[in-house]
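Here the protein sequences come in this chain order: A and B. Per the working numbering, numbering of the first sequence is gapless, rising by one per residue and ending at 526. Per the working numbering, numbering of the second sequence is gapless, rising by one per residue and ending at 526.
Keep in mind the hints are simulated off the structure, nothing from the lab. Remember, it's a predicted structure, so these values are computed and weren't measured experimentally. It is possible that some hints are incorrect.
Chain copies aren't distinguished; within one or between two, either way the pair holds.
[As the list claims (entries may be wrong)] Derived pair list, reagent style DSS-like, types lysine-lysine, alpha-carbon separation capped at 30 Å:
| no. | residue 1 | residue 2 |
| --- | --- | --- |
| 1 | K181 | K505 |
| 2 | K111 | K437 |
| 3 | K181 | K418 |
| 4 | K211 | K329 |
| 5 | K481 | K418 |
| 6 | K209 | K418 |
2 protein chains.
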Amino acid sequence: MTYKVGILGLGTVGMGVAKILQDPLGRHPLLPEIEIGRVGVRSLNKQRDVAIAPTVITDDLEAIVNDETVDIVVEVMGGIEPAKSLILKAIGNGKHIVTANKAVIARHGNEIFTAAKQKGVYVMLEAAACGGIPVIQALKQSLGANRISELTGIVNGTTNYILSRMYFEGADFDATLAEAQQLGYAEADPTADVDGYDAADKMAILASLAFGDRVKLEDIYREGIRSITSADIGYAKELGFTIKLLGIAKRAKSKSNNNDSSLEIRVHPTLLPIQHPLANIHGVTNAVRIEGDPIGEVVFSGPGAGSGATASAVVADIINVVAALKSMPNQVNQLMGCSHEHYAKIAPIADTVTQFYARLLTHDKPGVIGDLGTAFGKHSVSLNAILQKTTVHDGLAEIVVVTQRVSECNFQKAIAAIRELPTMHSIPTILRVL
Amino acid sequence: MTYKVGILGLGTVGMGVAKILQDPLGRHPLLPEIEIGRVGVRSLNKQRDVAIAPTVITDDLEAIVNDETVDIVVEVMGGIEPAKSLILKAIGNGKHIVTANKAVIARHGNEIFTAAKQKGVYVMLEAAACGGIPVIQALKQSLGANRISELTGIVNGTTNYILSRMYFEGADFDATLAEAQQLGYAEADPTADVDGYDAADKMAILASLAFGDRVKLEDIYREGIRSITSADIGYAKELGFTIKLLGIAKRAKSKSNNNDSSLEIRVHPTLLPIQHPLANIHGVTNAVRIEGDPIGEVVFSGPGAGSGATASAVVADIINVVAALKSMPNQVNQLMGCSHEHYAKIAPIADTVTQFYARLLTHDKPGVIGDLGTAFGKHSVSLNAILQKTTVHDGLAEIVVVTQRVSECNFQKAIAAIRELPTMHSIPTILRVL
């Protein structure tokens, strides 16, 4: 018996999926039982680098999700609509879903998984976070014995490429972004990547699997990397750090080991010590570090995007659904389904306790450091390191401070006070330290 | 409905498993449906750090594998016998198996999987290679879309601990081994670890999953780390390398992309460039790098041993079996079973093409380098780097060479000729380079 997939979208990922299914030799023995039943595209006339029979290809996407012969709908078209409606319609028709669409899952996962549960179908999403790295399956099926306490990741390849270039070459953000755009590593409109939206989508998905509750995207604190300058990278290096756009999700400190405790979830550029396992993940590579009891620390790294890597994850999901269907056509395997019913309580960013890095420009006058130290001290912010470069330009001195672990709330109060100091010119950069 | 596990062995791993099952809060929601039915131990009177009811505990291991109420037998006793016989008996009785026993699987996997297939039961072995790192599940369920071309791993924590200490502290092998034994990182009899037997067991398991054929343990080329001196580590550093005990499995070059081609599988100390993703895996941590088409490169790292990490993998396997049983009591999921029927053809080590490192002691006379170069040249061995330290002791000079990629066969012929040179004293170390 063969299983028929209907593929929605024939862009780089869709073509990658089609190529694997058409060329099964040397891959998993189940692949020959999987057939490309229908492929939906926007334009029938476009030249494509993959051979699909004209009878299989259609621009009527509704026809695919309504096709009785299709067992699994593979949604690799991207975007919110019509992807979301097509997924819901396919579920309504009893079809299993494999999707690479982080945006739809992060925003409408609730509706989609509720519908899937009602219908007893699978919604598989390995490709929706970290491309080819099998971190979703690890969270769903391999780490269940653990209480996960923290999941930290470099989950956006574009920003990691930019920050890696800035770190190794001392280049500026704007120039590096322009180059990344030329090379196809960044979109013409880079907002989703450089402002952290894409990373937040992925963290919503990963955190909900790691901690067993649904996560509302709007609860995730998010900062992008536009404010990072080559000066910041230089100071970070001098202090033994690198700068990465990290997604950080963890149980809020006060109530650890308790399923009902709240979570901290945030996406922001972060100084991390060069010995940290994520510090040496360079270029477009993604990596996720998971800490749990009793396992300790595990790290997964690999290609976070690209046709081949994403297609690898999509086809793995198809294989998993087919293997499950072969042995149990009418019953959903609980480990492959979604069992979350509740939303996680997310702690406000003001409750975060972390180290901070700040780069300040001051008028080069005696007593500046004293003023700074007093202002931080007044708000219970202890300092860990302080660097001063006098007279960087226009009679201004540059001062970099790294605090000890302090509450975000106290730190922001201290910073507000420091902005009012007569000796202060400006505070160009504030970053958090892992 | 609850599922009953019978645990064979209550050492560190068995206790880790029992503790997780007794304390399910905040872990996977399926855990409360899993019950410790029986626990088999060698001595009933030993004091143990886990509370098991006296009615559950027994020293009659046969009674456990014959117990009709037991659904899953968890074998965490280690060793070949009676573990192997108990596993086979349990399978004969229709019980599913979860094992952490790499030695039994690497040696008797054929017999065990054949029996399991006949009976339609699962044999799960995530804990048998790389402890807590979910690399087995990744190979079985997440990377099926790929043609795997290479799997390289640091799969033995003891030797990685020793080599890391030697690298960072310049310590000698014997002193570091003694210290590792004191700290409990190495056994009183360290043979299995330092001579590469444990790594070979794990590579047999990993390679068979990566390449889809069974692997005979005796076909794996194996060298341990006893010959590595602090001098070698020093030279490696100077040349931009570190030294790791690596397991290397790959498709032999000539027939890539062909399922019937032969494999190279070897375990030996290896110089690898410090930029390599496995070069920065230190201490007892394990890591596996997998290269495939289309995924590219993925790397998994984490604790390779220890009570918690191994128990995490064992319990993950139990959860997977229970999830499968709940939805399909009478059908095996093909992705969780073993589909291999044939043995892989393993290329002889003489066919390997790789770079070599050799440390030679010569009499400090003119013409030595010329003699060496001529001998290597005669056997088509080109050199990549050569370091000479004159008069290290007793009028001897130390020369280190790194070759280009050459055939093992040619290199060994060159070395045999070099041993006969009148200017040659001895060749203390020969290593391969990744």
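Self-check item: Non-conforming hints, listed in increasing numerical order
Solution: As far as the earlier hints go, 1, 4, 5 are violated by this structure, in ascending order.
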